[in-house]
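**Q** Listed below, chain by chain, are the residues.
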Amino acid sequence: MPQRFEAAVRALPQRLRSAALALPETVRAQAEEIRLRAGQALTVHSPDAHAAAVTVSAEDLARTLDSVSQGSLHTVLESLRHGFVILPGGHRLGVCGSAAVKDGVISHIRDISSLCIRVAREKRGISERLYPSLLSSGKLPNTLIISPPGGGKTTLLRDIIRLTSEQGTRIAVADERGEIAACYGGTPQLDVGPNTDVMSGLSKAGASMMLLRGMAPQILALDEITAPEDAEVLTACTGCGVVLLSTAHAANPDDLRQRPVYRGLLDTFDRLVVISGTGQSRKYDILEVREPCLPKSALFVSS
Amino acid sequence: MPAEIGFVCIVVGCGGLGLTAFLRLEARVKLLSAFSMLANRLGGEIGFRLTPLPEMPDKFPALKPFWDKMDYQPYGEETYSEAWSRSVADLDLPVFDRALLTDMGEILGRYDADNQVKALESLRKQLDISLTEAKEKRGTYGRLYALAGVLGGLILAVVMI
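Line order of the protein sequences matches chains A and B.
Going letter by letter, the first sequence gives residues 1 to 303 in the working numbering.
Going letter by letter, the second sequence gives residues 1 to 161 in the working numbering.
Note that these hints are calculated values from the structure, not bench results.
This list has only true hints and no planted wrong ones.
Straight-line distance between alpha carbons at most 35 angstroms, and here's what the computed DSBU-like set of lysine-lysine pairs gives:
(1) A:K102 <-> B:K59
(2) A:K102 <-> B:K125
(3) B:K30 <-> B:K69
(4) B:K69 <-> B:K125
(5) B:K64 <-> B:K118
(6) B:K118 <-> B:K59
(7) B:K59 <-> B:K137
(8) A:K102 <-> B:K118
(9) A:K283 <-> A:K139
The whole structure should be built from the sequences, with the hints applied where relevant.
**A** Structure, rendered in structure tokens:
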């Protein structure tokens with residue numbers, strides 16, 4: 001784990017990098033976020049604590065962004081417009097500053113005021129116990145993973161993708177924000193298996209259609225359905241004979257049903273995986289979505 | 001005998017100076033021509049492929065000595081623009097040419113692809129004006145410098161010996 005931390009702070013100027021690497025190993029091993037704010041101390045956050053190091057200057061922030069883009073802002077600008085940049089190793093650099101807007105579109109973020117490096121954490125094998133229960137006649141059915149924000153949906157989704165891919169199934173991933181595979185230079189930085197094709201940087205709807213046309217996947221995976229057009233494209237995809245694997249923000253099935261975006265989607269999925277709890281006490285419930293003619297109260301049955 | 005050796009040394013020395021001046025004019029033409037081609041190539045690479053700048057030495061080896069001197073290290077302490085400027089400062093070119101190339105380093109990687117392409121195109125035109133001037137100078141003065149060196153050496157040697 002300290003190696004992950006080392007990779008995450010690699011783009012920082014030497015002064016900050018040395019200070020971060022001088023923090024106790026326990027802090028580095030558990031680090032989830034490294035926050036840099038102009039005029040404030042660099043802080044490393046982990047689930048149990050946070051540690052502070054040297055004061056960060058505005059020049060440090062600008063140099064970090066320059067380093068991340070390898071002096072080639074044009075290579076990260078599109079991603080920067082969405083507020084983040086993927087780093088080698090799958091870490092994410094969140095960027096905050098003054099947005100320069102031209103013709104209603106963010107052209108750049110200047111005067112960087114703060115940066116946040118989210119240390120990528122892969123949890124290989126977390127779906128292995130769950131996976132057999134998900135299958136229907138030996139195949140993965142249309143599956144939706146739900147949990148509140150920060151519940152571990154993407155981590156579980158990635159591991160299910162890896163496991164399915166390792167079994168020889170062709171999976172296409174519409175990775176709009178690079179959170180599933182975290183592609184860097186065309187290579188997934190997080191393990192998504194050997195039979196997985198990743199399209200990143202495009203909207204989920206756009207990427208899904210391109211993947212269906214071009215890569216002939218057996219399974220289409222996408223993270224965080226939030227917009228009506230995402231839901232529409234998923235509904236359209238089911239007509240193409242592809243199995244869907246996705247995630248959504250919702251604490252439970254009732255919560256899901258109350259959200260207009262998801263109402264029309266419920267019939268699209270066969271299984272729901274509900275994640276509750278956090279850390280070691282995290283719990284995964286697999287629910288079956290029954291025939292739509294059943295009363296809504298009986299829609300979800302714990303398996 | 002020492003007088004003859006001195007004569008030859010003066011002629012060769014002055015001839016060498018003239019030849020060096022000629023070679024500098026030749027080198028300026030070659031460098032400006034290479035940088036003009038680089039600006040053109042960069043326009044395509046950045047505008048169409050969004051190529052990261054550190055990949056350029058592989059794509060444009062004609063400027064290998066320049067790239068070697070630049071020695072940009074990703075995640076190093078020096079920014080791309082700083083490394084570029086340092087390498088330009090070492091080029092044996094007139095101040096105006098070096099200023100143009102320093103400007104090129106300020107453009108690279110700083111804007112979005114479209115604006116870089118526009119700025120590079122404008123800079124390439126200025127480089128081409130410098131290149132034309134350098135070619136004319138080479139044509140007019142190149143051989144003259146070399147000849148003047150040898151002749152000057154001969155005259156100096158005769159006068160001194």
